[in-house]
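So the sequence shown is residues 1 to 90, counted in the UniProt record's numbering.
Calculated directly from the structure, the hints in this document are not laboratory data. Careful: at least some of the hints might be erroneous.
Under the rule of at most 25 Å between Cα atoms (straight-line distance), these lysine to aspartate or glutamate pairs were calculated in the DMTMM-like manner [said to hold, decoys possible]:
1. 45 <-> 83
2. 28 <-> 77
3. 31 <-> 44
4. 41 <-> 83
5. 31 <-> 70
6. 45 <-> 70
7. 45 <-> 61
8. 28 <-> 57
9. 45 <-> 57
10. 28 <-> 39
11. 67 <-> 86
12. 41 <-> 57
13. 42 <-> 60
14. 28 <-> 61
15. 41 <-> 86
16. 45 <-> 60
17. 28 <-> 70
18. 31 <-> 86
19. 31 <-> 83
Please read all numbers here as calculations on a predicted model, not as lab measurements.
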Amino acid sequence: MDGLLTTVFPLLLMFVLFYFLLIRPQQKRQKAVQQMQSDLKKGDKVVTIGGLHGIVDAIEEGTVIIKCGDGSRLTYDRAAIRDVKETANV
Numbered sequence: 001m002d003g004l005l006t007t008v009f010p011l012l013l014m015f016v017l018f019y020f021l022l023i024r025p026q027q028k029r030q031k032a033v034q035q036m037q038s039d040l041k042k043g044d045k046v047v048t049i050g051g052l053h054g055i056v057d058a059i060e061e062g063t064v065i066i067k068c069g070d071g072s073r074l075t076y077d078r079a080a081i082r083d084v085k086e087t088a089n090v
């Protein structure tokens, strides 16, 4: 019985460490990104995962229309928004 405990305990300890050092922080980051993407509103200055900087012009259920510096409007999936640089003053 003692031999089983000494072989299982290190594996259990490794799993707990992996959970608190890798899995849990990743879940928190993912939840924060989803919250940021759901809180998008017209006028927010955003950056896409491809590096495009622009201003949110319109929001539909799964897509966001971004107005670029030259005035063109591009449609992106909501999940393609990486960061909000400045929120709109509503």
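Hint check results:
1. Proximity of residue 45 to residue 83 is assessed by CA-CA distance (about 9 Å); at most 25 Å being required, the pair is judged to hold.
2. Only pairs whose Cα atoms come within 25 Å are accepted, and residue 28 paired with residue 77 is accepted, the gap being roughly 22 Å.
3. Straight-line distance between C-alpha atoms of residue 31 and residue 44 comes to about 20 Å, which keeps the hinted pair within the 25 Å bound.
4. A C-alpha spacing of about 13 Å is found between residue 41 and residue 83, which places the hinted pair at or below 25 Å, so the restraint holds.
5. Straight-line distance between C-alpha atoms of residue 31 and residue 70 comes to about 33 Å, which puts the hinted pair past the 25 Å bound.
6. Restraint check: the Cα-Cα separation between residue 45 and residue 70 comes to about 15 Å, which is no more than 25 Å; the hinted pair holds.
7. Distance hint between residue 45 and residue 61 is fulfilled; the C-alpha atoms sit about 19 Å from each other, no more than 25 Å.
8. For the given pair, residue 28 sits about 29 Å from residue 57 by alpha-carbon distance, which is inconsistent with the 25 Å threshold.
9. For the hint pairing residue 45 with residue 57, the CA-to-CA distance comes to about 10 Å; that is within 25 Å, so the pair holds.
10. Distance hint between residue 28 and residue 39 is fulfilled; the C-alpha atoms sit about 17 Å from each other, no more than 25 Å.
11. Among the hinted pairs, residue 67 with residue 86 is consistent with the structure: their alpha-carbon atoms are about 14 Å apart, no more than 25 Å.
12. For the hint linking residue 41 to residue 57, the alpha-carbon distance of about 9 Å falls within 25 Å, and the restraint holds.
13. Proximity of residue 42 to residue 60 is assessed by CA-CA distance (about 11 Å); at most 25 Å being required, the pair is judged to hold.
14. This hinted pair checks out: residue 28 and residue 61 have alpha carbons roughly 24 Å apart, not beyond 25 Å.
15. Taking the CA atoms of residue 41 and residue 86, the gap is near 11 Å; set against the 25 Å cutoff, the hint holds.
16. A threshold of 25 Å between alpha carbons decides the hint, and for residue 45 with residue 60 the separation of about 17 Å falls inside it, so the pair holds.
17. Note on residue 28 and residue 70: the hinted pairing is violated, with a Cα-Cα distance of about 36 Å set against a maximum of 25 Å.
18. Under the criterion of a C-alpha separation no larger than 25 Å, the hint pairing residue 31 with residue 86 is consistent with the structure, at around 20 Å.
19. Of the supplied pair hints, the one linking residue 31 and residue 83 holds, its CA atoms being roughly 14 Å apart against a limit of 25 Å.
Of the numbered hints stated above, those contradicted by the structure are hints 5, 8, 17, listed in ascending order.
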